[in-house]
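Start from the sequences and build out the full structure, keeping to the hints where you can.
Those protein sequence lines, which keep their order, are chains A and B. If you read the first sequence in my numbering, its first letter stands for residue 1, the second for the next number, and so on. If you read the second sequence in my numbering, its first letter stands for residue 462, the second for the next number, and so on.
In short, the hints are calculated from the structure, not lab data. Cβ atoms here follow ideal geometry from the backbone N, Cα and C, with glycine treated the same way. There could be a bad hint or two in this list.
[To be verified] If the Cβ cut is set under 10 Å, some of the chain A residues that face chain B in the computed set are:
1) Gly-100
2) Arg-287
3) Pro-314
4) Asp-317
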Amino acid sequence: MRGLEFKGLRSVEGPIIILERRENVGFGEIARIRDRSGVMKVGRILEVSDSAVAVQVFGPTTGLSIEETSVEFLGKPLELRVSVDMLGRIYDGLGRPIDGYPEPFSSEFRDINGIPINPSARTYPRDFIQTGVSSIDGMNTLIRGQKLPIFSGSGLPHNRLAAQIIRQARLKTEESFVMVFAAMGVKYDVARFFIHAFEESGVLSNVVMFLSLADAPSIERLITPRCALTAAEYLAYEKNMHVLVVLTDMTNYCEALREISSIRGEIPSRKGYPGYLYSDLASLYERAGKVKTSAGSITQIPILTMPNDDISHPIPDLTGYITEGQIVLERELFQKGIYPPVAGLPSLSRLMKDGIGPGMTREDHKDLASQLFAAYSRTKQVRNLAAIIGEEELSTLDKNYLAFGDRFERDFLSQSETENRSIEQTLDIGWKVLTHLPREELYRIKEELIEKYLPKVPEGR
Amino acid sequence: MVEGRIIRINGPIIQAKGMASAGLYDVVEAGDLGLVGEIIRLNGDIATIQIYEDNTGMKVGERVVSHGEPLSVLLGPGLIGRIYDGIQRPLEELFERTGFGIAPGVKTHPLDMERKWPFKPLCKKGDKLEKGKPLGVVQETEYLQHPIYLPPNKQEGVLVEVSPEGTYTLSEPIARMEDGTELFLCHSWPVRNPRPYQERLGMEEPLLTGQRVIDVFFPISKGGTAAIPGGFGTGKTMTQHAVAKWCDADIIVYIGCGERGNEMTDVLREFPEIHDPRTGRSIMERTILIANTSNMPVAAREVSIYTGVTLAEYYRDMGYHVAIMADSTSRWAEALRELSGRLEEMPAEEGFPAYLPTRLAEFYERGGRVTTLEGKKGSITIIGAVSPPGGDFSEPVTQHTKRFIRCFWALDRDLANARHYPAISWIDSYSEYGEELKGFWEKVNADWATTRAEAMELLKREQRLAQIVKLIGPDALPDTSRLVLLCADMIKNGFLQQNAFDPVDMYSVPEKQVIILRLIMDFYNRALRIIRAGAPLLKLRSLSVIERIVRMKSQIPNEKLELVQEVKSLLDRELGDLEKEYKV
Ligand SMILES: Nc1ncnc2c1ncn2[C@@H]1O[C@H](COP(=O)(O)OP(=O)(O)OP(=O)(O)O)[C@@H](O)[C@H]1O
Ligand SMILES: [Mg+2]
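Printed below as a string of structure tokens:
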């Protein structure tokens, strides 16, 4: 590989090294850094001036010396070698194979930063993905090409839910997905759990994995999702595949970004996170979608743990401002023993409206989902009231709502990790739990649909 | 021409030396790729430049060229129906040329220079061409007349040549003045300079949006300014889309500023299919899109707002009513913050530069209703979404915006979670245009002002009662109070909630809006008297007219308002029976 090599640094501070300026150093390009014992690291050029270059090193800088370090400038941005043979392989956080086999044979490289998709080149996503999970399919439908994150909390079963989605996700047309999985700063067990889930469902050979585990240098996490999305883009937009990308845990990614920002002495905005956190996250999430030039698609499921279960924390907040909805996991439901504990009201799929209904899922889907939302929202109010005045004091109607809420949580939301429900089953359960309400309360559903789908023999009474 | 050399690169902010004779805010071509940039600071012979395209790979020592012109947009026929990025590059053409990704350094023309436009002169040789006097007119779309004026930054003078009626491209001169100046169908204008007009006017004409909660409770005038603040997913974009589709403006400029790519695609997919109820034409024929999505270069996001408002002013100057949707001004403010940080300026609140309020004011000031140079009346209404972190309205962008707008459509998280859409809070929102618009509405329906006041009063009472209900339940309240709860629910379900996806409900004409609300209030007033005469609430609650009223919004189309009579007679019959029974 070409490259000019220079010896000696001006300064080292955390993951950032500064050296005297050299000719031909391009902003944003990569450098290879060799320490005194010959170990190579990768870095990216953050800033150049006519007297100095600042390089961010994606690896430990411990032991880097001013005199004995040499730096090589490669004259191009960080690239990933791409090929369909990436499927079934495991890479580290910087895109180097770690499964003991050589790099797939290919001379194709792609810039890991991708390029922004032209809005007029996009196809609006509207194909329904059946995940087999009622709370998602029925209430927060996932659409092919959507970015729909899971907002979780520590100890909540987000990984189990993600694995279940991975195992069960199908299109109505039975076309299947290939998968790209990126782990950022998670423990080895978590990675193992996913590998196992892939193995179990026999899809391991259709997965590309990028693992930057908790013991890898945190700064590496800034690269990992970009490698993963580059692989995904290649498979989707050049090889016409449908790609499902799971990124976990975005909270660790954001923390690495904060670390770098504070070392660079940038003015922080909220909670010490840099002001450009929104744009930076958008540069990842916006890589989901469908484009007119290809039949493939990228569906993204980023997972993040909300610090302190706080949805207004900058990480979930800015994510929610970019993604097309969110699946929120709720501790209260989890403690009641409900799996998956998908919160009824704050969860939302924004692309659902265009991907459901006759010809896509079923004609009653829209009205039914809207009615379930409304009724569950009312149930929440009734529960608050019951907590104060006692259940006995409630009106009959309010009692009906309590019964409905209970069945909704136990029968509709709750299902086992191996239960794969068809959309029809999901909707039928929805109708069944509605029988606990008087018919006049179903004001969001059209008469004809009530006539057609509401079970005649109510289970409730 | 000035040529300098790059000496420093820090993301989209670079510095170049040898620029002493360049001007502040001049455009440059930077680096080997000739990326578009703008000089934002000059110090000795060093220029600080903001780059509007991705500059990865740019090197120290590469050249920077300036032609001594400010950052401008090209104005002329052919803007309508197009989609541009923040610096007016046509995105469709970029897609054809470079594929689905936006590559830096591609040179394009904002307008089609080959297309021939039918031009009809209105001046002749020897006429004096003054500011505001139409030189001629071009039929831009089937329903849009596009007058051609002397560009406001050119000298008035006598015409020595005017082309005859015929078709011309944008690069063919159509007239010449005595000083030799040639005039074309298009001209360029610096985006940061507001275009001139004669005088500002009052705001007594409404911008009708077809959205009931807005038009009746928090109306906006043509030329007015509004902010829509709300946390993520509360409905800012949906509200702006609804207004863009149904409002009675002549032209819509929709600026997707730092938001999602798919939302722009959604507009491109949906707008051509929707027909303007007034003209019968597709609404894409009145729309210009500016898309600088969240993943596109941040400096161009900053400028996209000015690009949009300059296009709006251009059409305003022809006497049109233009409405601008800016989604989201918070992302624009963040672009300012990011660039300011890289310039190492002293930050004020939350890292935003101290000049944030000035910039916001300048932007909203470009809205307004005016007499144009020609003497026509034109307007620019600005509706800006605000995305406060954590949905907390006390943050700087929301707070400063509030100083410069007169309509505040506050979106409420609880309403959105309960799927009450549009989630515009009737408690936190306000409009200062109510008084000015009274005249208009009284003509639609003499009852407008009273109905609106009565209904608002009822909603406020319901809010107070709701506090009590939370503690003791509704059954402990007297029937008169429970009637308030019942009727407030009717207002919420039958009037305030409006389903953007229901073909009948998505847009309501003014008459329909007032009729529904008036009927609910009539129901309330008569029911109250019946209850006071001793009837239990149950008798009223079980009347079938309630459901009829609540479903009117989606059952009575705008063009069949006579169907209301049936509901009215049902109301008269059912309440009449009770009135007889209880001798009211
Ligand atoms: N008037 C409406 N009718 C029906 N659904 C609506 C309406 N307004 C909002 N929604 C629902 O809420 C979702 C989010 O709305 P929207 O995209 O407008 O939010 P937003 O405030 O722009 O969020 P963000 O700040 O993240 O961009 C929509 O996808 C839709 O499901
Ligand atoms: Mg939005």
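Min Cβ distance, Asp-317 of chain A to chain B: is it shorter than 10 Å? With a minimum Cβ separation of about 5 Å from chain B (threshold 10 Å), the hint on Asp-317 of chain A holds.
Closest C-beta approach of Gly-100 of chain A to chain B relative to 10 Å, hint status: violated, 33 Å
Arg-287 of chain A as chain B interface residue, shortest Cβ-Cβ below 10 Å: holds, 8 Å
For the hint on Pro-314 of chain A, just tell me whether its beta-carbon gets within less than 10 Å of chain B. Cβ of Pro-314 of chain A sits 7 Å from chain B, so the hint holds.
This entry does not satisfy hint 1, going by the numbered hints stated previously; all others are met.
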